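Asker: This is what each chain is made of:
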Amino acid sequence: MKTAAILNHVTFRYANADAGALDGLDLEIGQGECVLLCGSSGCGKTTVTRLLNGLIPHYYEGELEGSVTVAGREIRETAIEDLAGIVGSVFQNPRSQFFCVDTTAEIAFGCENMGLPETEIRSRISRTVAEMQIQSLMDRSIFKLSGGEKQKIACAGVAAMLPELIVLDEPTSNLDLDAIEGLRGIIAAWKRQGKTVVIAEHRLGWLEGLCDRAVLMDGGRIAAEYPGNVFFSLTPQQLADRGLRAFRPAHNYLAAPRGLQQIRPFPETGTVTLEEFRFRYGKHMALDIDRLEIPAGAVIALVGHNGAGKSTFMRCLCGLQKGFSGRIRMDGKCCRPKDMQRLSYMVMQDVNHQLFAETVLEEVMLGADDDRQQEAKALLEKLEIAEFQERHPMSLSGGQKQRTAIASALLAGKRLLVFDEPTSGLDFRSMVNTAALLQMPGSEVTVLIVTHDMELIDRCCTHVLHMENGSIS
Amino acid sequence: MAGLFTAEIENRGIVLDPRTKLAVMLTLVIFALGGTGSGIAAVRLMTTAVSVLPMLLLLTAGQYRKAALTGGIYAAVRTAQSLLLPHLTGAALSVSGICCMAFVRLMPGLVMGGYLLSTTTVSEFIAAMHRMHVPQQITIPLSVMFRFFPTVLEEFAAINTAMRMRDIRIGGRRAGRLIEYRLVPLMVCSVNIGSELSAAALTRGLGTKVRRTNICKIGFHIQDAAVLLPAASLYVLWGLGMIGVIQ
Numbered sequence: 001m002k003t004a005a006i007l008n009h010v011t012f013r014y015a016n017a018d019a020g021a022l023d024g025l026d027l028e029i030g031q032g033e034c035v036l037l038c039g040s041s042g043c044g045k046t047t048v049t050r051l052l053n054g055l056i057p058h059y060y061e062g063e064l065e066g067s068v069t070v071a072g073r074e075i076r077e078t079a080i081e082d083l084a085g086i087v088g089s090v091f092q093n094p095r096s097q098f099f100c101v102d103t104t105a106e107i108a109f110g111c112e113n114m115g116l117p118e119t120e121i122r123s124r125i126s127r128t129v130a131e132m133q134i135q136s137l138m139d140r141s142i143f144k145l146s147g148g149e150k151q152k153i154a155c156a157g158v159a160a161m162l163p164e165l166i167v168l169d170e171p172t173s174n175l176d177l178d179a180i181e182g183l184r185g186i187i188a189a190w191k192r193q194g195k196t197v198v199i200a201e202h203r204l205g206w207l208e209g210l211c212d213r214a215v216l217m218d219g220g221r222i223a224a225e226y227p228g229n230v231f232f233s234l235t236p237q238q239l240a241d242r243g244l245r246a247f248r249p250a251h252n253y254l255a256a257p258r259g260l261q262q263i264r265p266f267p268e269t270g271t272v273t274l275e276e277f278r279f280r281y282g283k284h285m286a287l288d289i290d291r292l293e294i295p296a297g298a299v300i301a302l303v304g305h306n307g308a309g310k311s312t313f314m315r316c317l318c319g320l321q322k323g324f325s326g327r328i329r330m331d332g333k334c335c336r337p338k339d340m341q342r343l344s345y346m347v348m349q350d351v352n353h354q355l356f357a358e359t360v361l362e363e364v365m366l367g368a369d370d371d372r373q374q375e376a377k378a379l380l381e382k383l384e385i386a387e388f389q390e391r392h393p394m395s396l397s398g399g400q401k402q403r404t405a406i407a408s409a410l411l412a413g414k415r416l417l418v419f420d421e422p423t424s425g426l427d428f429r430s431m432v433n434t435a436a437l438l439q440m441p442g443s444e445v446t447v448l449i450v451t452h453d454m455e456l457i458d459r460c461c462t463h464v465l466h467m468e469n470g471s472i473s
Numbered sequence: 001m002a003g004l005f006t007a008e009i010e011n012r013g014i015v016l017d018p019r020t021k022l023a024v025m026l027t028l029v030i031f032a033l034g035g036t037g038s039g040i041a042a043v044r045l046m047t048t049a050v051s052v053l054p055m056l057l058l059l060t061a062g063q064y065r066k067a068a069l070t071g072g073i074y075a076a077v078r079t080a081q082s083l084l085l086p087h088l089t090g091a092a093l094s095v096s097g098i099c100c101m102a103f104v105r106l107m108p109g110l111v112m113g114g115y116l117l118s119t120t121t122v123s124e125f126i127a128a129m130h131r132m133h134v135p136q137q138i139t140i141p142l143s144v145m146f147r148f149f150p151t152v153l154e155e156f157a158a159i160n161t162a163m164r165m166r167d168i169r170i171g172g173r174r175a176g177r178l179i180e181y182r183l184v185p186l187m188v189c190s191v192n193i194g195s196e197l198s199a200a201a202l203t204r205g206l207g208t209k210v211r212r213t214n215i216c217k218i219g220f221h222i223q224d225a226a227v228l229l230p231a232a233s234l235y236v237l238w239g240l241g242m243i244g245v246i247q
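Sequence order for the protein chains is U and G. If you're matching positions, the first sequence starts at 1 in my numbering and goes up one per residue. If you're matching positions, the second sequence starts at 1 in my numbering and goes up one per residue.
Source of the hints: derived by calculation from the structure; they are not laboratory data. Be aware that one or more of the hints could be misleading.
Claimed, not checked - Taking lysine to aspartate or glutamate pairs in the EDC-like style, the calculated list, with each CA pair at most 16 Å apart, reads: (1) K377/U - E390/U; (2) K338/U - E390/U; (3) K338/U - D167/G; (4) K217/G - E421/U.
What the hints assert, rightly or not - Pairwise CB distance ranges, derived in the manner of DEER restraints: (5) T119/U - A68/G: 40 to 50 Å; (6) G332/U - R65/G: 39 to 49 Å; (7) N8/U - E154/G: 52 to 62 Å; (8) H392/U - Q136/G: 19 to 29 Å; (9) K322/U - I243/G: 55 to 65 Å; (10) T269/U - R177/G: 53 to 63 Å; (11) E180/G - E375/U: 36 to 46 Å.
These figures come from a predicted structure and were not determined experimentally. Just so you know, even glycine gets a beta-carbon here, dropped at the ideal spot from N, CA and C.
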């Protein structure tokens, strides 16, 4: 078998990092092979993808030892621009991999950079579009596409450059199950065309039957290698022992009927009633809930396909949606959107948006009276971040930032916490930690989690609310 | 999304070549703002006609509300200028005269700028620069910058939302630090996104030594002629006035 890439005794340490990312790694990738790189966060799988597309050493700086050969070229001696037509890359965040406003221009972008003639680019675009069956996405505004559609356009932009090797770094972090199915189809087609595909992923189930080899990494080395069929016969327990997420969720709550469903015993102490939760964008009814009673203090998962109206629901619930006029009844009081803003708090997917102060303690105390410092410290203790109270919030890890945001909401007396995809892109251990965290706020606080992560739901939620097309009935 | 180079490509009405828009913009700056040739009656008349052009262009782009608003304000100020001013005297005259004058001169250019930014896509803009032989060293950084603006605006909106939920606002307890609270997360998020964006651009070959091509079709059509004609006639009238053929 011809090789597509060879990593020989590769050791790498990012500039400014204390510990090395890779530690004497040996990996050979055959031409036409589909390889899965998996392992817990920080195991070095993203670093491997960056070596393959030349971002290391040409963009991310650090100390590199050993040799990396991609398509017969030594990576250090090949300019990253020259690799562009040979290695294609798809990244995790759809917000930061687009350059154009419209989809057709976006697919053409890479080819234009290579200086291909216009006729050639046009024919490549039409071929790529036909192969991926994305005719309906052409000449659209990228800002109006869903996450899954964006990821398809990213794949198309890469495919049009006709690379031999395609690396994908956590391409499904922001996708729902249907969108993942679409991505699976694209990768299957690439395999048929004989392209080499390398995928670094936390979510594994969708790759079953697709990848030829799974490489389990740990601490910058290869911990184990499995042929595809052997890997996908590992049991959930074996996966958990290796720090990996389960292949198939035990339950698929998207298959359940719409509405609220209790999934584990929960002592009812009171209810929070939502009334007239309706909102429309122009003619499109985005949210249409007449009345919904949720048990106070419950941990509720909100599930639904992309575009089901979950984001609108969240924004309404937090009193952030302009022009929304529904009500929440809680403790016998009737809350209008203005009061909701005071009562509820959303922990965003990108927590960086909501941390403002210079230290964790100051962050939590923001807006509170100075005499509540003891209370704040007790909260930090409870959420296990007391030791970081003097650190700058931006210097913390993702999970610790989440905890800081929750602590600040709890001190501000918020009664309704809304989480937007708290586990997207998290490995098994972090997911388990988040699940524990989501149960911490206590019986005073009702928690609502918008998520695609069925494993998370099974671990921490008491109820599931299934919503489609803005409706729960 | 309205704003910088984030043109609505799905229903955008009549499309003009970016160079046409730039030419009209330049003409407005020379004649409406600069007051060139205002001594010649025909030029004055034509300048008014070209000043109304941006509002008409907004109409053709389907931005009816903006068109009506700017058109209404412009008409009101012009009416006030010709009907009201003659009856004023003293300080009232000089203050309102200066206000009307500034307004009438500035507004057409500003409206045109808004039209240009809200109806041109980045690829059209780059294609136009390319045709005008602007070097790649200028167009590539510009294109990345334009790509970056809407993203920063999105980040800014998200941060504002977060601040509302924390009840940090003007008049609140820590209002003095509002700017700092907003800038720190904005910078952190922008740096992250900027760095990811550059990485993605490099893997897709932005900055190769080969000359970049562009599939974006721009070119002059009948609508461009219709817009360019009144603008060009201004220069002709001015020329005629300068050599004394008309007064």
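Asker: Would you pick out the hints that fail for this structure and give their numbers low to high?
Answerer: The structure conflicts with hints 2, 4, 7, 8, 10, 11, although it agrees with all the remaining ones.
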